[in-house]
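Residue numbers (our numbering), protein chains in the order written: chain A, 43 to 367; chain B, 12 to 433.
If you're looking for bench data, these hints aren't it; they were derived computationally from the structure.
One should not assume that every hint holds.
Some, not all, of what chain B presents toward chain A, calculated at C-beta under 7 Å [said to hold, decoys possible]:
no. : residue
1   : 163
2   : 166
3   : 173
4   : 176
5   : 181
6   : 182
7   : 429
8   : 431
Simulated pairs of lysine-lysine, DSS-like, Cα-Cα distance not exceeding 25 Å [unchecked claim]:
no. : chain 1 : residue 1 : chain 2 : residue 2
9   : A       : 69        : B       : 345
10  : B       : 366       : B       : 318
11  : B       : 390       : A       : 299
Residues of chain B placed beyond 10 Å of chain A at every Cβ, according to the derived structure [stated by the list, open to error]:
no. : residue
12  : 137
13  : 162
14  : 199
15  : 205
16  : 270
17  : 288
18  : 386
19  : 387
20  : 395
21  : 411
Think of the CB as a built atom: it goes at the ideal place given N, C-alpha and C, for glycine as much as any other residue.
Below, each chain spelled out in residue letters.
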Amino acid sequence: MATLAVSMFRRLEGLFCVVKPSGVHWKLVRDNVEKNLLKGLNAAPPQSCPQQVRFLRDPGADTETTKSLTLSVASVPVLSKHPLVTGPEFQRIQVGVGHRLDVSSSGVLVLAVGRGNRVFNDLYETRVTRDYTLECEFGSATDDFSDTGRVVERSTYDHITLDKLNRVLAMLQGAHQKALLTYSNVDLRSQEAYELAVQGLLGPEGKSVPILTGLRCVHFQPPNFTLEVQCLNETQKYLRKVVHETGLELRSTAVCKGVRRTRDGLFTLQQALTRHHWTAPHVTRAVQQYYSSKKNKKTRAVADRGDRITTTGGECDEQPPNLNQ
Amino acid sequence: MSSSHALLCLRCRSHLSSKTMAATLLYSTQVRHYATITNAAPKIQNGLLFFRGTHRTMQKWKQHMFCFSDFAKHLETETKEVKLAEKLSRTDVVVYESPILPIIDAVSVNERQVPLDLDATDELSALEEISDEEAISITLPAAMPPASTSLRDYIDKSETLSNLVQLGVNLWKLEQRPNVGSMLLRLNYKTDVAPRLLFLKDIGVEDSRLGFIITHNPYILTESLESLHARVNYLKSKNFNSETVASMVSRAPYLLNFSVKRLDNRLGFYQQQLQLSASNTRNIVARLPRLLCGSLEPVKENLKVCKIELGFKENEIQHIVIAVPKVLTANKRKLTQIFDLLHNTMKVPHHLITKFPQVFNTKYLRIRERHLFLEYLGKAQYDPALPSYISLDCLVSLPDETFCTDLASASLEDFYLFQKTI
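Excised from the complex, chain A in its bound form:
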């Protein structure tokens, strides 16, 4: 017979996403979530101590002279099953992290509890794209490509227009498109390649170099500008390097002030839980939401999202991971 805490744990198992604040290591986020979930699980009222029947001698009958035959019955609680002796019911739970974010980035971080961790192996293999928003600034170049690094070079940026920026971004995107085709492991002159390209499934499987499947500028006000990126197999440092290279292509310099992940596969910022909601009931709700949305998505075809970047080739594609394996 499962206790309350165990049934609550069953409802927690699955995937959900949180908003990682910037300046916090992802491990601290994971530890905090685990701590809060444990608190929620162990807060359930524990089972009462089982009783044991003992036969006790009457006091005063222990002398050598008289030994009375009377025994009294008492039902005493078995202290070895007391919660203060056995400890809390749940002492550790497995909370796993999906694609990691480095310390200065923020945004969607996918976590899994218990049996949901099995999904992650498949998740790393499948071709799942991620969305980032990069806040950038013209005028300086630093050693780690972010605004908190040591400044290496300063330059002017008055000559930059939106048109020039778009041209540079299109050129970068073309280069990445070529990389996409090269790493897709199919012979480009075959029928198979054509069919994959039509469906938008052309791309590398498993590990490869970082590839940007989509890149565009959403806000331009010199010196600040914002880029929106869709990518595969990337790291946040690579994205900052892309910003740096954009600056160089424009005969100026640029640094990245902030990297924010807005989507990781099926998980968007909308469903993500902020710091104040990292508690057991909220996480349970998020996990249930994930399961129900997965059921709906299986029936729908991969949608062409109008508000996203429409590029000539690779459409963002996710194969929803199967938890029922």
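Knowing the structure of chain A, use the given hints to seat chain B on it.
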């Protein structure tokens, strides 16, 4: 060794089966270390035979394996006092006859050696008819493992442990600490634990806090009562009244483990370094008693950070410490991070930060989120001279709801949505 076992079989009626005999043999070979005979032993030695010795073979066992022999010896002394008269009257043969835990060792046999007669065996059949009195007096040997990593195997047999659990002591947490479990098993409730609990009650600690104190500081049960009294008297001599002393002990369980000299040293340090008056020192120590417990090095470093890195003047530091003593034990990195945000990003001057020292007690992320939200709404104004001024204490101390409705005039959902964009 077998001869002595056989002798035991002859006399001891409470071993109902040979399996128990084998079990006791097992116990004897596995016990790691025998403690020396306690004070109670000499008066028993006249009538009974003790087999004792030391085993050096099991030293590789882990630290927190509780010593069966310590507990066993303890239990024996308890039951011995009860059954002593009985035993002496029953037999004049010198045989060790505790029915609970015979401790046998091959290495050294104490005192008298008894000549054995292997052919004379008593019937030990289970179908033998015995009188009712003997039936009642049969007690099974305790089914305790000789060594264990958990206290739950011993709790049913130990008076100390059962009473501690009923007080609310978290034994599970204590058994994780090395050697604490063995120490608790060795304590005698009547002579060790009860006087100290009564002492704590006398100085004014509430019953509900006794469990907390022992969970955090089990070593208070091994401090001598004279030194405990001396330390409490010292605190009272420094003009701490009794309720203050009681509350200090409740909140800093390790306080009474420190010598008078160390307490004096610390009080002197706080008074001199911060140049506080006696009553102010008493005030901050009463509110944060763990200042007297920890090391002084982090405190000195924090003071240096405040003075040199953050640039506060002496009187400002005094004011901050009197208002929020926790600054003395706070994390240096956190202090500098919060100060950096306040002074360089939010452009709040020193004197204003000194006026609201509770900002150093909050989470860095909290201040950052709220400040960015107000900046986004255009309401981030921290200068009292200008209109629509937002004071720092409102910024950090108000709960989210009130902050959103009063200061930011926005809804809570907007605040959460905004947090996803920073």
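Status of the hints after comparison with the structure:
For the restraint placing residue 163 of chain B at the interface with chain A, the shortest Cβ-Cβ distance is roughly 4 Å, inside the 7 Å limit, so the hint holds. Satisfaction of the interface hint for residue 166 of chain B is found here, the shortest Cβ-Cβ separation to chain A being roughly 5 Å, below the 7 Å cut-off. Given the 7 Å rule on beta carbons, the hint for residue 173 of chain B holds: about 5 Å separates it from the nearest Cβ of chain A. Interface restraint check: residue 176 of chain B against chain A, minimum CB-CB distance 5 Å, threshold 7 Å, status holds.
Because the smallest distance between the Cβ of residue 181 of chain B and any Cβ of chain A comes to about 5 Å, under 7 Å, the interface hint for this residue holds. Hint on residue 182 of chain B holds. Least Cβ distance to chain A is approximately 5 Å, under the 7 Å limit. This hint is violated: residue 429 of chain B has a C-beta 10 Å from the nearest C-beta of chain A, more than the 7 Å allowed. With 7 Å as the threshold, the beta carbon of residue 431 of chain B comes within range of chain A, its nearest partner Cβ sitting at about 5 Å, so the hint holds.
Simply put, residue 69 of chain A and residue 345 of chain B have alpha-carbon atoms about 18 Å apart, close enough for the 25 Å limit, and the pair holds. Taking the CA atoms of residue 366 of chain B and residue 318 of chain B, the gap is about 17 Å. The hint holds against a cut of 25 Å. Pair hint residue 390 of chain B plus residue 299 of chain A holds up; C-alpha atoms about 23 Å apart against a cutoff of 25 Å. Non-interface status of residue 137 of chain B relative to chain A is upheld: no Cβ of that chain comes within 10 Å, the nearest being about 20 Å off.
Remark: the non-interface label on residue 162 of chain B conflicts with the geometry, its nearest Cβ contact in chain A lying 6 Å away (cut-off 10 Å). Against chain A, the non-interface label of residue 199 of chain B holds: every CB pair exceeds 10 Å, the least being about 19 Å. Chain A leaves residue 205 of chain B outside its interface by the beta-carbon criterion, the shortest separation being 18 Å against a cut-off of 10 Å. Listed as a non-interface residue, residue 270 of chain B keeps its Cβ farther than 10 Å from every Cβ of chain A; the least gap is roughly 32 Å.
Every Cβ of chain A is farther than 10 Å from the Cβ of residue 288 of chain B; the closest lies at roughly 40 Å, confirming the non-interface assignment. With a least CB separation of 15 Å from chain A, residue 386 of chain B remains clear of the 10 Å interface cut-off, as annotated. The claim that residue 387 of chain B lies off the interface holds: its Cβ sits roughly 14 Å from the closest Cβ of chain A, which is beyond the 10 Å cut-off. A cut-off of 10 Å between C-beta atoms confirms that residue 395 of chain B is not in contact with chain A; the least separation is 29 Å.
At the 10 Å boundary, the C-beta of residue 411 of chain B falls inside the reach of chain A, the nearest C-beta of that chain being 7 Å off.
Of the hints listed earlier, those the structure fails to meet are numbers 7, 13, 21, in rising order.
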